[in-house]
Amino acid sequence: MKIAIIKYNAGNIQSVSFALDRLGVEHIITSDPEEIKSADKVIFPGVGEASTTMKYLKEQKLDELILSLKQPVLGICLGMQLMCKHSEEGNVDCLGIFDEEVKKFQLPENNTENIKVPQMGWNTIGNTKSALFDSSIEDQFVYFVHSFYVALGNDTAATTNYILPYSSALQKDNFYATQFHPEKSGDVGSKILANFIKL
Amino acid sequence: MLAKRIIPCLDIKNGMTVKGIKFVGIKEVGDPVELGALYAEQGADELVFLDITASHEGRKTFVDLVKRIAQHVNIPFTVGGGISEIKDAEALLNAGADKISINSSAVRNPQLINDMALNFGSQFVVTAIDAKHMAGDDWAVTVNGGRIETDKRLFSWAKEAEDRGAGEILFTSMDHDGVKQGFANEALAKLSTDLTIPIIASGGAGSMEHFKDVFTKGKADAGLAASIFHYKEIGIPDLKQYLNTEGISVRL
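Heads up: the protein sequence lines correspond to chains A and B, in order.
For the first sequence, position 52 matches number 52 in the working numbering, and the numbering has no gaps at all.
For the second sequence, position 221 matches number 221 in the working numbering, and the numbering has no gaps at all.
Take the hints with a grain of salt, since some may be wrong.
Stated by the list, open to error - Okay, derived cross-link-like pairs now, SDA-like style, lysine to any residue, Cα gap no bigger than 25 Å in a straight line:
| hint | chain 1 | residue 1 | chain 2 | residue 2 |
| --- | --- | --- | --- | --- |
| 1 | A | K191 | B | I148 |
| 2 | B | K217 | A | E109 |
| 3 | B | K217 | A | I115 |
| 4 | B | K219 | A | D187 |
| 5 | A | K104 | B | T193 |
| 6 | B | K67 | A | L23 |
| 7 | A | K191 | B | L195 |
| 8 | B | K232 | A | D187 |
| 9 | A | K104 | B | K232 |
| 10 | B | K190 | A | T112 |
| 11 | A | K103 | B | K67 |
Said to hold, decoys possible - Over 10 Å on every C-beta distance to chain B, these chain A residues come out as not near it, computed from the model:
| hint | residue |
| --- | --- |
| 12 | N110 |
| 13 | A131 |
| 14 | S136 |
| 15 | N154 |
| 16 | D187 |
Keep in mind the hints are simulated off the structure, nothing from the lab.
Glycine included, C-beta positions come from ideal geometry on N, C-alpha and C.
Let the hints inform the model, and build the full structure from the sequences given.
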């Protein structure tokens, strides 16, 4: 089993690598197209700003590479957002794997509950339908940090409520994605990563 | 529903966890990696590690420690203490830290917040503010562990930090810290209402009820404490059960 973590200018690559270490899963961190193409599974992490990151992916031709992958691919956080069609963050066209628009959370007009943006912390995932999840994960807490979200749609694989119900995971064919950080979500997150590895 | 966060804070000196007792004697309480992993297992939502080592050598030890923490702890953690340049933050990011906390260095050089946010994203930048109550709404921001009063004021400085790109504010009331009589709820509520980024409350935790108050009256998004956890005065599982019973959303 060969797992490749796509190496690019994202912030959480190290954390994803350590999480796989804790699961005892061998992996490589690479930007080499051949190594990525030949991997059994690919993880596309991400923390950062959408338009800057998208520009970088294009310069490195990683955009075409990701689109061409046939093995299971897991996008995390910004990785998931970049797999959508377009993002309001920096008004940028993204990979278009999921036919979805990434929008910024709008604070409620009368913000009596002092809701904050970004959403930062632990929230639950429900309506899970993907091989990433199993019944033990339904309604469990996972860790989120984000100001932009993907609305509910055809590819929604899990939902979370924050200001509104939105997609906290997506899946289409071999492409899996989570808005939360499984690598930072304690035992529940480890389980989700393990489920991905088992695919 | 987004859960309120419980955050144990570990002060680190020469690679060991310590807690200053009223700024005088320093007691060692254990190995930070072991303690951090234990807190994570018990249900801590995040951890904060503050390096109180001054020496250059000590800082290198701290970066190594951060890497060991990142390897062993499966929840997010913030590191702080002595971060005054982009390269300090970069070393900690590369070691696996999820967030950094800047305090005195941001007061002296507010542009640092912008630079950090631009380089690493706002989610990486916690601005810590230590402040001392003067009168009414007037809180003086202090630096160097509360020893030096500045002309900055809590509410305007917190707003400025948010505008410059801080992702969270960690507010410690120097009047409440170590006294164990509850958090500075009035000031916290004002911060939480004025700002749109999350507020972490610090200073004053002495009982489980104090946490209930900080989330209701203080409107805080997270509650941080050190000694009550280190000396096992309050267990994290008990605290979370209690908060849940009191109708506060927590991760169980």
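Checking against the hints above, which ones are violated? The structure breaks hints 1, 4, 7, 9, 11, 16; every other hint is satisfied.
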